[in-house]
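Engineer: For reference, the chains in residue letters:
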Amino acid sequence: EAGVVQSPRYKIIEKKQPVAFWCNPISGHNTLYWYRQNLGQGPELLIRYENEEAVDDSQLPKDRFSAERLKGVDSTLKIQPAELGDSAVYLCASSLDNFYEQYFGPGTRLTVT
Amino acid sequence: KQEVTQIPAALSVPEGENLVLNCSFTDSAIYNLQWFRQDPGKGLTSLLLIQSSQREQTSGRLNASLDKSSGRSTLYIAASQPGDSATYLCAVSPVVANQAGTALIFGKGTTLSVSS
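In order, the protein sequence lines correspond to chains A and B.
If you're matching positions, the first sequence starts at 1 in the working numbering and goes up one per residue.
If you're matching positions, the second sequence starts at 1 in the working numbering and goes up one per residue.
Please note that the accuracy of each hint is not assured.
Taking lysine-lysine pairs in the DSS-like style, the calculated list, with each CA pair at most 27 Å apart, reads [what the hints assert, rightly or not]:
| hint | chain 1 | residue 1 | chain 2 | residue 2 |
| --- | --- | --- | --- | --- |
| 1 | B | Lys-68 | B | Lys-1 |
| 2 | B | Lys-108 | B | Lys-1 |
| 3 | A | Lys-78 | A | Lys-11 |
| 4 | A | Lys-62 | A | Lys-78 |
| 5 | B | Lys-108 | A | Lys-78 |
| 6 | A | Lys-16 | A | Lys-78 |
| 7 | B | Lys-42 | A | Lys-15 |
| 8 | B | Lys-42 | A | Lys-11 |
| 9 | B | Lys-108 | A | Lys-62 |
| 10 | A | Lys-15 | A | Lys-62 |
| 11 | A | Lys-62 | A | Lys-16 |
| 12 | B | Lys-42 | A | Lys-78 |
| 13 | B | Lys-108 | B | Lys-42 |
| 14 | A | Lys-71 | A | Lys-15 |
| 15 | A | Lys-11 | A | Lys-62 |
| 16 | B | Lys-108 | A | Lys-11 |
| 17 | B | Lys-108 | B | Lys-68 |
| 18 | A | Lys-62 | B | Lys-68 |
Since the hints were made in silico from the structure, they are not lab data.
Since this is a predicted model, take the numbers as computed values, not measurements.
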C-alpha cells in the first residue's frame, strides 16, 4: 500500500513569492491534515479535512494561507505571499477517519530567503 | 489548553541498554495517544497507538504504557541498537467539546542517540 505522497520535497523561494504544496493521502482515508513543524518543535495543525470539508482551520493564517481538497482526495496548501517566518517543514497526514492512527508523508521543507 | 511535555529532550546510551522515554500531558480527556519516530529530514513514522481505554501496547522491542488519570505515558525500548537513533515524538488526540474528532497535539520530542 502506498503511503502519503507529498511534493515537492524541498522548496527555496524569496520572500513575497507564492508557493504551493501538494499531498496525496493513502487511498480510502477520509481525513487529511496539514501540519507545520518548526525546527526543534513538534508539528502543529494548520487545517483538517473530513472528505472535502475543512472542519478545523482555526490555526491557519488565513491572510496568506489557503488550502483546498478537491473531490475529497488530493490537497493543495498555498502561501501567498511567503514571509521569512514561514520557513518550516510542512507535513501532510491522513487517517481512515477521526480517532484513527495518522500516517504522515515525508514533508516539504520550505526555506524563505 | 492541552500541553504535551517530553523528558528528557536528549538522551545518549550505549548499544544494548534498555531505556524509557517519558511523555506527560495536562488534560486527561483524550481519545488516544500516539508515539512516532522521526529520522533527520524525514517525516513521522507511527510506532504505537494507545486508545484511551487501553493501558499499554507492544510492538517488537517497543512497549508503550498509558496512565490517563495521571497524564503520563512511557515508551520503553529494549536492547537498544544504533538504528534506534532518531527523535521520538509523543502526541495526544484531545477531546474537544462540540467537535467531532481533533488533530494531534505533539510534544517537542526526545532525541535518542545509541552508540555502538
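Engineer: Under the constraints set out in the numbered hints, which ones does this structure not fulfil?
Structural biologist: 14, 18
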